[in-house]
Amino acid sequence: MTDPRLPVREPRRHARDPSTHRRRTTARPAPRGRSRRRTRRLLVTTTVFVALVAAGAAFAYQNLDGNIDSQDVDGQLNAGSRPDRQAPGAVNVLLLGSDSRSGANSEYGRDEGGARSDTAMVVHLADGRRSASVISLPRDTLIDRPACATGSGLVPAAKSVMFNSAFSVGGMACSVATVEQLSGLRIDHVVEIDFTGFKKMIDTLGGVRVNVPQDIDDPDSRTHLRKGPQRLNGEQALGLVRTRHGIGDGSDLGRIKLQQTFMKALIGQIRTTDLLTNPVRLYRLLDDLTSAVTTDKGLGSLSSLTSFARSLDGLDADQVDFRTLPVAPAPHDPNRVVPEEPKANALWKALIEDRPLPGGEQS
29 MTDPRLPVRE PRRHARDPST HRRRTTARPA PRGRSRRRTR RLLVTTTVFV
79 ALVAAGAAFA YQNLDGNIDS QDVDGQLNAG SRPDRQAPGA VNVLLLGSDS
129 RSGANSEYGR DEGGARSDTA MVVHLADGRR SASVISLPRD TLIDRPACAT
179 GSGLVPAAKS VMFNSAFSVG GMACSVATVE QLSGLRIDHV VEIDFTGFKK
229 MIDTLGGVRV NVPQDIDDPD SRTHLRKGPQ RLNGEQALGL VRTRHGIGDG
279 SDLGRIKLQQ TFMKALIGQI RTTDLLTNPV RLYRLLDDLT SAVTTDKGLG
329 SLSSLTSFAR SLDGLDADQV DFRTLPVAPA PHDPNRVVPE EPKANALWKA
379 LIEDRPLPGG EQS
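For what it's worth, the numbering used here labels the leading residue of the sequence shown as 29, then goes sequentially.
Quick caveat, the hints were computed from the structure, so don't treat them as lab data.
Yeah, the Cβ is synthetic: ideal placement off N, Cα and C, and Gly gets one too.
Treat each hint with caution, since some may be false.
Stated by the list, open to error - Calculated lysine to any residue pairs in the SDA-like style (CA-CA distance at most 25 Å, straight line): (1) Lys292 / Ala378; (2) Lys255 / Asp216; (3) Lys285 / Arg364; (4) Lys228 / Asp172; (5) Lys255 / Asp346; (6) Lys285 / Ala356; (7) Lys228 / Pro247; (8) Lys187 / Pro357; (9) Lys187 / Asp172; (10) Lys187 / His360.
Claimed, not checked - Between beta-carbon pairs, the in silico distance windows are: (11) Gln90 / Pro241: 14 to 24 Å; (12) Arg254 / Ala107: 23 to 33 Å; (13) Pro307 / Ser329: 38 to 48 Å; (14) Asp349 / Asp102: 22 to 32 Å; (15) Ser188 / Ala378: 19 to 29 Å; (16) Asp341 / Gly256: 23 to 33 Å; (17) Ser180 / Glu381: 35 to 45 Å; (18) Pro241 / Lys371: 37 to 47 Å.
Can you build the whole structure from these sequences, using the hints too?
Below is the structure:
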């Protein structure tokens, strides 16, 4: 039994006083004013960042848009004499490479008082962009040129003149009128690109890998290349597409084959290069492109060019059929050629009707 005289011990209390425990474990809330200041600083920083990005994007857009030169080609043409559009949805673009020697292009020769179209291609984009056809026009082809309006008046029509003289007479509009008269095909857009811009674009892409079909040694175009696969920089690529004396018989037909070989390689490289992951290089490429081209009014803005480019997004190099206008030696001048009929007419008819090109291997 317990001795009643001894003091009774109270049981030991193991738990801490709840109020004491709460004071030790509960963090003191930050002052309400300090939290608000932090939120305000975060909002200000975010707003400034978004504003800077938007301002940079707006500046870049305005700069690229301002680079583009355009001409009212449709306004210079005789609407009553133009071919009708036969295939809704299909688009025909005349692509011209100018051999002007003025300005930055003067390093490629002296200014001879007027540019000529060193390269001319009719690009037909099928309805739905399921395929494309590219017809190269030899610049030495003798054609009948229509009357062309210029800033100084109307230039009379001429018979049996070289195709590329149309550009020197009346620029892009006269070239369009000449192609439409020759082919019966309605040209929807025209794009001219100059030497310097072409070279810059290739350099910005990091060069283009091309399988050069033969050794080329042409001092006139400053082109010296060995046969075989190689990566060409801008200067070398420009020489490749311009040379004519270092290949074949020195005619324009040999050069056209090189141009088409290069175009196939360029399309393939652009399709496999993810420019969206390198915004700096993408901007530089767009800056080079927009600075190098002159277009009709329909493509005379960055938004219209971008929309046009997006429509080609699903088109691969193997869906592009490269051909050369069928030609034969001119009867009275072995250094010139004339369209070979009925082959040439069959080619144009297929484009007018938006059909695959007839027979023959791709150039």
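Hint-by-hint comparison with the structure:
{"no.": "1", "hint": "Lys292 / Ala378", "result": "22 Å, holds"}
{"no.": "2", "hint": "Lys255 / Asp216", "result": "38 Å, violated"}
{"no.": "3", "hint": "Lys285 / Arg364", "result": "17 Å, holds"}
{"no.": "4", "hint": "Lys228 / Asp172", "result": "36 Å, violated"}
{"no.": "5", "hint": "Lys255 / Asp346", "result": "23 Å, holds"}
{"no.": "6", "hint": "Lys285 / Ala356", "result": "16 Å, holds"}
{"no.": "7", "hint": "Lys228 / Pro247", "result": "21 Å, holds"}
{"no.": "8", "hint": "Lys187 / Pro357", "result": "17 Å, holds"}
{"no.": "9", "hint": "Lys187 / Asp172", "result": "4 Å, holds"}
{"no.": "10", "hint": "Lys187 / His360", "result": "14 Å, holds"}
{"no.": "11", "hint": "Gln90 / Pro241: 14 to 24 Å", "result": "43 Å, violated"}
{"no.": "12", "hint": "Arg254 / Ala107: 23 to 33 Å", "result": "51 Å, violated"}
{"no.": "13", "hint": "Pro307 / Ser329: 38 to 48 Å", "result": "21 Å, violated"}
{"no.": "14", "hint": "Asp349 / Asp102: 22 to 32 Å", "result": "28 Å, holds"}
{"no.": "15", "hint": "Ser188 / Ala378: 19 to 29 Å", "result": "26 Å, holds"}
{"no.": "16", "hint": "Asp341 / Gly256: 23 to 33 Å", "result": "32 Å, holds"}
{"no.": "17", "hint": "Ser180 / Glu381: 35 to 45 Å", "result": "39 Å, holds"}
{"no.": "18", "hint": "Pro241 / Lys371: 37 to 47 Å", "result": "24 Å, violated"}
Comparing the model with each earlier hint shows violations of hints 2, 4, 11, 12, 13 and 18; every other hint is respected.
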